[in-house]
Amino acid sequence: MTSIEEHKIIIKEFEDDINEKLRRNIINERQKLIGFATSEGSTNYFALFLHKQNLISHGFNVNHKWFASKKRAEEKFPFDFPSKKELFTNLIRQEQLRNILCYGKNKSIEDVEESIKTFFEIKTIIEKLIGESI
Numbered sequence: 023m024t025s026i027e028e029h030k031i032i033i034k035e036f037e038d039d040i041n042e043k044l045r046r047n048i049i050n051e052r053q054k055l056i057g058f059a060t061s062e063g064s065t066n067y068f069a070l071f072l073h074k075q076n077l078i079s080h081g082f083n084v085n086h087k088w089f090a091s092k093k094r095a096e097e098k099f100p101f102d103f104p105s106k107k108e109l110f111t112n113l114i115r116q117e118q119l120r121n122i123l124c125y126g127k128n129k130s131i132e133d134v135e136e137s138i139k140t141f142f143e144i145k146t147i148i149e150k151l152i153g154e155s156i
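With my numbering applied, the sequence shown has no gaps in its numbers, which climb one by one up to 156 at the end.
Hints may be right or wrong, so weigh each one.
[Stated by the list, open to error] Taking lysine to aspartate or glutamate and the EDC-like style, the derived pairs with C-alpha atoms no more than 20 Å apart in a straight line are:
1. Lys150 <-> Glu27
2. Lys34 <-> Glu132
3. Lys30 <-> Glu149
4. Lys43 <-> Glu143
5. Lys74 <-> Glu42
6. Lys54 <-> Glu132
7. Lys150 <-> Glu37
FYI, nobody ran anything at the bench for these hints, they're computed from the structure.
Please model the entire structure based on the sequences and the hints provided.
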């Protein structure tokens with residue numbers, strides 16, 4: 023069971039890891055780790071938002087695989103909430119990028135950069151919705 027505070031700690035760990043790789047200019051060499059960190063960080067941001075809005079119980083865990091498609095995301099989260107379309111678009115793209123980056127041989131730097139950009143877009147949306155910087 024992940025609490026709001028635990029989500030914040032997890033998010034910070036993933037974001038720190040992403041930023042470290044950016045500072046060291048090693049995102050291409052560490053793209054599998056970036057793919058994992060951006061995906062898990064994104065789903066933790068989304069879970070944090072849902073918890074803060076009391077849309078899910080504290081025992082509920084959000085699984086990145088639920089964003090494999092719009093249909094699956096809608097099945098798991100049929101209720102309405104602010105910026106749903108924008109969040110789903112970004113979370114679905116993040117899941118696609120996770121699969122691209124985490125499996126097989128290294129991919130293009132553009133895919134890595136897009137994954138990082140999408141993570142920070144999700145962060146911006148969530149922080150605006152909850153009125154708090156994480």
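Hint check against the structure, violated hint numbers in rising order
Hint check: 2, 5 fail, others pass.
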